[in-house]
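Following the hints, put chains B and C with the ligand in place on chain A, whose structure we already have.
Listed below are the residues making up each chain.
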Amino acid sequence: MSIAAVKKTTLKPKDYKSDVSVVWCPGCGHYGILNAIYRALSEAGVDPSQLISISGIGCSSRSPYFINSYKMHTLHGRAGPVATGAQLARPDLAILVLGGDGDGFSIGGGHMPHMARKNVDMTYVLFDNGIYGLTKGQYSPTSRPEMKAYTTPYGGPEEPMNPLLYMLTYGATYVAQAFAGKPSVCAELIKGGLEHRGFSYINIYSQCPSFNKIDTIEFYRDLVEAVPKDHDVTDLGAAINLARQSSEGRAPMGLLYKADRPTLDQRMHAMVEGVNGRPDYDLNQIIDLNRP
Amino acid sequence: MEKKDLVIRIAGEGGEGVISTGDFIAAACARAGQEVYTFKTFPAEIKGGYAMYQVRTSLDPLFNQGDTFDILCAFNGEAYEVNRHRLVPGTAFVYDYPAGDFEPEIPDGVIAYPIPMSQTAKDMKSYRSKNMVALGALSALFNINEKTLIEVLIDKFKSKGPENLSFNLEAFHKGKELAAALGKKDLWRVADPVPAKDVLIISGNDAVGLGAILGGIRFYSAYPITPATEIAKFVAVHIPKVMGTLIQAEDEIASISQVLGASYAGKRAMTATSGPGLSLMGEMLGMASMSETPVLVVDVQRGGPGTGMPTKHEQSDLFLAIHGSHGDAPRIVMAVEDVGDCIHMTVEALNLAEHYQCPVILLSDGSLAFSTQTVPAPKPGAVKIVERKRWDGTGEYKRYQASPDGISPMADPGTPQGMHVATGLEHGPAGAPNHSPPNHEAMHRKRFGKLKTVVDFVAPTQVDGEGQADVGIIAWGSTIGVVREAVARLRADGIKVKGFYPKLMYPMPVAHYEAFAATCNKILVPEVNFQGQLSHFIRAETAIMPISMTICGGVPFTPIQIMNKVREIL
Amino acid sequence: MDADLSFLELVGLDFSGLAMAGANVSGSHVRGCVFAGCDLSGLYVQESDLTACDFRGSVLEEAFFQKTALEGSLFHGADLRWARFLLCDVRRGQFVDANMEGVHFMDAQLDGACFEGVTLSDAVLRGSSLTGVRFVNCDLRGVDFRKTNFHHADYASILAEGALFYGKPPWGGDVAAGGAAEMVIFDGE
Ligand SMILES: Cc1ncc(C[n+]2csc(CCOP(=O)(O)OP(=O)(O)O)c2C)c(N)n1
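Order-wise, the sequence lines are chains A, B and C.
According to the numbering used here, the first sequence is numbered sequentially starting from 103.
According to the numbering used here, the second sequence is numbered sequentially starting from 177.
According to the numbering used here, the third sequence is numbered sequentially starting from -16.
Next up, chain A with everything else stripped away, as it sits in the complex (with noise of 0.2 Å):
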C-alpha cells in the first residue's frame, strides 16, 4: 500500500481502536493479530482518516469495526474485489483487508489470483484459524484432515491448501507469515506490508480455542520455523521452497517474498496519460465520433 502518499501521524496504537468494543471468545488469537494491526498503523503513522479498512463476513472479518479508520463491512467474500473498486477509486488511500481463511479462499477463492497478479495495491491480512468461526466450528480450506469439527465428525476428507504457495504462485508481490502468538512479529509483517507498494499478502495463523481443538497456541508455536537469516527475499524459488514447507509440518515465519512491478492503479494511470486524460475533457470529441 503506498502508504507514502497518504498523511503521516504519530498517533499511538490505542488511538486505532474504535468505540466498539472487541467481541471475541476469550482466548481467541484474533485479538493478538488486532493488537498487531494497532500497533501496526502507528509505526506506519498512517492517518486514520486516510485508511479503508474493509473486510468480509466471518469472525475476524469484524475486525474494521474495531479500528478507528473509514471502514467496510461487506458480504462473505467479497472484500477483496470491493476493495479492489475502492482502491482503484482512491489510489492516494490506504487499503488494509482484513479476513478469515473460509472468507478468503473458500467463498473468496475466486477473487484471490486476481487481486495478487493485478497488483492491486492493498494489504491482506488473513486471520487464518483453519475453521470456520463465527458458524461455529465447520472445517474449511487450510483445516488439517485430522480436525474433527461440526461437518467432519470422522476428521476431514480433505487436503488443506497452502496460502502461501498459492499466493506466490500467482504473483503476490509481498507474502509474509505469522501466528497471534506473536504480535510483534505480525505488527512489523503488517507495517512492511502497508509500507510496500502493492499487492501484500499476510498469513497469520490464529488460535479458535472455541472450535478449533487441535491449532492450539502449542502447535502453533512448535509448527513455526523463522525464515532463516540468509533468505533473499527477491528470490521466488526461495520462497516458493520456504512455503512448500508447511506441507511438511513446519511453517516458515516473517517475510518470504518481496518484488517491485507495477501496481494495477499505476498501470490505469499510464493509460489515462497515453490519452491525455483530464478533468474536463471535451465530451463533443466523444459525441462527434457518433455522428452518421
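Please note: incorrect hints may appear among the correct ones.
[What the hints assert, rightly or not] Straight-line C-alpha distance at most 25 Å; calculated DSS-like pairs for lysine-lysine:
hint : chain 1 : residue 1 : chain 2 : residue 2
1    : A       : 238       : C       : 50
2    : B       : 323       : B       : 361
3    : B       : 417       : B       : 332
4    : C       : 130       : C       : 50
5    : B       : 574       : A       : 119
6    : A       : 331       : A       : 360
7    : B       : 179       : B       : 672
8    : A       : 220       : B       : 417
9    : B       : 332       : B       : 373
10   : B       : 360       : B       : 323
11   : B       : 323       : B       : 373
12   : B       : 352       : B       : 298
13   : B       : 574       : A       : 116
14   : A       : 315       : C       : 50
15   : C       : 50        : A       : 119
16   : A       : 250       : A       : 238
17   : B       : 417       : B       : 555
18   : A       : 109       : B       : 574
19   : B       : 336       : B       : 352
20   : B       : 361       : B       : 179
21   : B       : 628       : B       : 560
22   : A       : 315       : A       : 250
23   : A       : 238       : C       : 130
24   : A       : 220       : B       : 409
25   : B       : 323       : B       : 336
26   : A       : 116       : C       : 50
27   : B       : 409       : B       : 332
28   : B       : 741       : B       : 180
29   : B       : 179       : B       : 373
30   : B       : 698       : B       : 672
31   : B       : 574       : B       : 628
32   : C       : 50        : A       : 250
33   : B       : 336       : B       : 409
Source of the hints: derived by calculation from the structure; they are not laboratory data.
As the structure is a computational prediction, the values presented were derived from the model and not from experiment.
Using the frame of chain A, we list chains B and C with the ligand on its own:
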C-alpha cells in the same frame, strides 16, 4: 394509413460484409436527413453463419423495426432459404445470380433483381468487394442517396489507403451499372434527401456507454456477457479521457463488488451485464440497499433462464430486477424504450443512484443492444448531473442519521473526522450493528421511505392519446416503440386506443397506472416473456385487471401483432 | 519496548522497575515473578502462567491478558485502566488502591479477590464469577455485572449508579431499568 417508410433487409454469411453494408446504408440515409431504425442478428457461431441487418428509414420518426421488409438482398442461398416465406407479392428481391450458390424460386408478384455479385467480385479478383457490388445495385434501384453513400464510403475507407478506396468505389459503380441494366420494376424508393438533422447514429449499447460518460462515471467494472459486452467496449475507449477507470472483473460478483467499493470511495460507478450476471449480483445489490451505497447496474436482457438464448431478445428480467435479492431490499428499476433513452436514462439512472443512495437497475434488451437508431445529438452542457449529498464537515458525523427525506449525507474517505462504516449488517444511526426489532423497522422505513419521491424525480410514465378509449395498452421497454406505431395505425383506422408507457418500473407509480386505466374499458399488456411479468405486478399493486399478451420466440413484437390483438379483444 | 518474552521459562525472576511496554508474554511460565514498578502498558499475554506474580505499583494501562493464570497475584496501586482480562483465573487477586477505570474482566474467575477502595467505573465484569469478592468502598458506577453471580460479593459503602445487571441488585437499590448503556452486539453473520 399510408406507408411512408421503407425496410431493407440484407442477409448472408457472417464475414461477407452484411453488417457493414447495412451500416453504410443507415449512415447514408441519416446524412440525407432520414430517420433510421436498424435491427440485426449476428451469427451464433464465432465465424461465419447466418447474419442479417435490417434498415428501416423514413422522413417521419420511427419507433421500431417494422412489420417485415420491403426489400430483401440475399448474399447466399441460406439467406434466401431463411427469408423466402416472407417474400410476399410486392417485395423486391435482390440476390446473387448467376454464379452465386443458389437458384431461387421467385413467388408470384415478387420483383426479382438477379445481380451477379460473386462473379463481379471474382472478376475484380477480390471476393471481399462482393458487398460493394450489392450496395451499388441497391443504391441505384432504391434511390439510396448516392452522394451521401459515397461520402460515407470515403470516410470509411480513406484510412485504409487510396487503393483500397478506389477499388471499393469501382465495385460500387459496377453494381450500379448492373442494376441499371435490369431496369426499375417496383415502386420502392427512399425519399429524396432533405437537410440533415443534428443526429447521432448509434446502437443501444453504445448509447448506454455514451450516457455513462455524459453522466459523469469515473469507474466501470464488468464481466463480458452477450448482449451487454459492447457497453464495456465503448466505455473502455473513452473513460480514460475523463480520468476514469474501467476494469474487467473476474466475474459479475466481483464487478458489482468493485463498483460498490469505488462508489463508497466517492466515485460515480456502474456496471452492465445480462440476466445471468444480474442473478450473480443479487447478494451485493442487497448490500448496496442496506449500506445505502449508490450503484448502477444496466441489465441488457436476453432469453432466459439458465444460459437461455444469449443472442435473443426477451423482456424477462423484471421479476429479478425488482425483487432479485434476499430480504426487503429497496432499489429503483427503470426500463428504456429506445436508443435515445439509452443515453439520457443512463444519465438519469446515475443521478437517481447518487441522490437516493441505493442500487438502480436500468433494463435494456437484446433488440435495442444492437439496434442502431438516429437520435438527436446530446449537448454536454445541457446534461444535468446530480451529486450525492455530502457531509458538510460540521458536528458529529453519523452516516445513517435519520433525516426528513430519509437521505443521510455521505462522507468521502479521506475527509477528516468523517470516518464511518458501510455495512451489510443492520445498524443504528452511526453504523454500529443493531439487531433490535424497532431499529430494523425504523431503518426499513428510512430506506424505503426515501424512495417515495422518485416519481417526482423522473418522468415516470407517458400517456399516448386523450379522452376515453376502448382499449388501453400498457407496454414497457422496447415493446413501447411497437405499441406507439400500433396505436397510431389503429387510431387512423378509427379505433379508440390509448397507450401508457412506464419508464419507472419500481417503485411502481401506482396512481399513474390507475388514472390511465380509469380512461380505458380494457387494458392490454403485451410483453416479450412467458409469465406476463408486468401484468403480474399490475395485478399485485393496482386495482387493474389487465389482459396479458405474451410472446417469447426470441424476437420483438411487430405492430401488426398488437393491432390484431386489439381488434380481437375490442 | 515490545520485548518478546513468549514461550519461555521465566519462573521466579525479578523484573522490577523495568520499562517493558508492549511486551509479549504468550505461552510462557512466569510464576512468582516480580514486576513491581514496571511500565507494562500495552502488555500482551495469552495462555501464560503468571500465578502469584507481583505487579504492585506497575503501569498496566491497556494491557491484555487472556486464558492466563494470575491466581493470587498482587496489583496494589497499579494503573489498570482499560486493561482486559479475558477468561483469566484471578482468584484471590489483590487490587487494593489500583486505578481500574474501564477495566474488562470477561468470563474471568475473581473468587476471593479484593477491590477495596478501587475506582471501577465503566468496568466490565460480564460472565465472571465473583464469589466472596470484596467491593468495599468501590466506585462501581456504570459497571457491567450481567451474567455474573454478583449476589455473592460484598458491597459496603459503594457508588453504583448506572451499573448494568439483571433483576434486583444485592446493594438494595432499584431493579435495573434494563439496558441502560447501549452495547454493540453482533448476532452471527
Ligand atoms: C453467502 C454466505 N454464505 C454463508 C455465510 C455464513 N458464514 C458467515 S461467516 C462464515 C465462515 C467464516 O469463517 P472464516 O472466514 O474462516 O472466518 P472466522 O470466523 O474463522 O474468523 C460463513 C460460512 C454468509 N454470511 N454468507
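These are the hints, each one checked on the structure:
Proposed proximity of residue 238 of chain A and residue 50 of chain C is supported: the alpha carbons are some 20 Å apart, at most 25 Å. The hinted pair formed by residue 323 of chain B and residue 361 of chain B meets the criterion: a straight-line CA distance of about 23 Å does not exceed 25 Å. For a cut-off of 25 Å, the pair hint linking residue 417 of chain B to residue 332 of chain B stands: about 24 Å separates their Cα positions. Taken as a hint, the residue 130 of chain C and residue 50 of chain C pair is honoured in the structure, with Cα atoms around 19 Å apart against an allowance of 25 Å.
With a C-alpha separation of about 18 Å, the suggested pairing of residue 574 of chain B with residue 119 of chain A holds against the 25 Å cut-off. Annotation: proposed proximity of residue 331 of chain A to residue 360 of chain A holds, straight-line Cα distance about 15 Å (limit 25 Å). In summary, the hint linking residue 179 of chain B to residue 672 of chain B is supported, as the alpha carbons are separated by about 21 Å, within the 25 Å threshold. Restraint check for residue 220 of chain A and residue 417 of chain B: the C-alpha separation of about 22 Å stays at or below 25 Å, so the hint holds.
With a C-alpha separation of about 21 Å, the suggested pair residue 332 of chain B and residue 373 of chain B falls inside the 25 Å cut-off, and the hint holds. Between the alpha carbons of residue 360 of chain B and residue 323 of chain B the distance comes to roughly 20 Å, so the proposed pair stays at or under 25 Å and holds. Between residue 323 of chain B and residue 373 of chain B the CA atoms are separated by roughly 17 Å; this keeps the pair inside 25 Å, and the hint holds. For the suggested pair residue 352 of chain B and residue 298 of chain B, the alpha carbons sit about 17 Å apart, so the restraint of at most 25 Å is met.
Restraint check: the Cα-Cα separation between residue 574 of chain B and residue 116 of chain A comes to about 22 Å, which is no more than 25 Å; the hinted pair holds. Distance hint between residue 315 of chain A and residue 50 of chain C is fulfilled; the C-alpha atoms sit about 15 Å from each other, no more than 25 Å. This hinted pair checks out: residue 50 of chain C and residue 119 of chain A have alpha carbons roughly 22 Å apart, not beyond 25 Å. For the hint pairing residue 250 of chain A with residue 238 of chain A, the CA-to-CA distance comes to about 13 Å; that is within 25 Å, so the pair holds.
At roughly 18 Å between alpha-carbon atoms, residue 417 of chain B and residue 555 of chain B fall within 25 Å of each other, so this suggested pair holds. Proximity of residue 109 of chain A to residue 574 of chain B is assessed by CA-CA distance (about 23 Å); at most 25 Å being required, the pair is judged to hold. Proposed proximity of residue 336 of chain B and residue 352 of chain B is supported: the alpha carbons are some 23 Å apart, at most 25 Å. At roughly 19 Å between alpha-carbon atoms, residue 361 of chain B and residue 179 of chain B fall within 25 Å of each other, so this suggested pair holds.
Simply put, residue 628 of chain B and residue 560 of chain B have alpha-carbon atoms about 21 Å apart, close enough for the 25 Å limit, and the pair holds. The hinted pair formed by residue 315 of chain A and residue 250 of chain A meets the criterion: a straight-line CA distance of about 8 Å does not exceed 25 Å. Simply put, residue 238 of chain A and residue 130 of chain C have alpha-carbon atoms about 22 Å apart, close enough for the 25 Å limit, and the pair holds. At most 25 Å may separate the alpha-carbon atoms for a hinted pair to count; residue 220 of chain A and residue 409 of chain B meet this at roughly 20 Å.
Restraint check for residue 323 of chain B and residue 336 of chain B: the C-alpha separation of about 20 Å stays at or below 25 Å, so the hint holds. With a CA separation close to 22 Å, the supplied pair residue 116 of chain A and residue 50 of chain C stays within the 25 Å bound. For the suggested pair residue 409 of chain B and residue 332 of chain B, the alpha carbons sit about 20 Å apart, so the restraint of at most 25 Å is met. With a C-alpha separation of about 24 Å, the suggested pairing of residue 741 of chain B with residue 180 of chain B holds against the 25 Å cut-off.
Only pairs whose Cα atoms come within 25 Å are accepted, and residue 179 of chain B paired with residue 373 of chain B is accepted, the gap being roughly 22 Å. Of the pairs offered as hints, the one joining residue 698 of chain B and residue 672 of chain B holds, with about 11 Å between alpha carbons and a cut-off of 25 Å not exceeded. Only pairs whose Cα atoms come within 25 Å are accepted, and residue 574 of chain B paired with residue 628 of chain B is accepted, the gap being roughly 23 Å. At most 25 Å may separate the alpha-carbon atoms for a hinted pair to count; residue 50 of chain C and residue 250 of chain A meet this at roughly 23 Å.
Between residue 336 of chain B and residue 409 of chain B the CA atoms are separated by roughly 23 Å; this keeps the pair inside 25 Å, and the hint holds.
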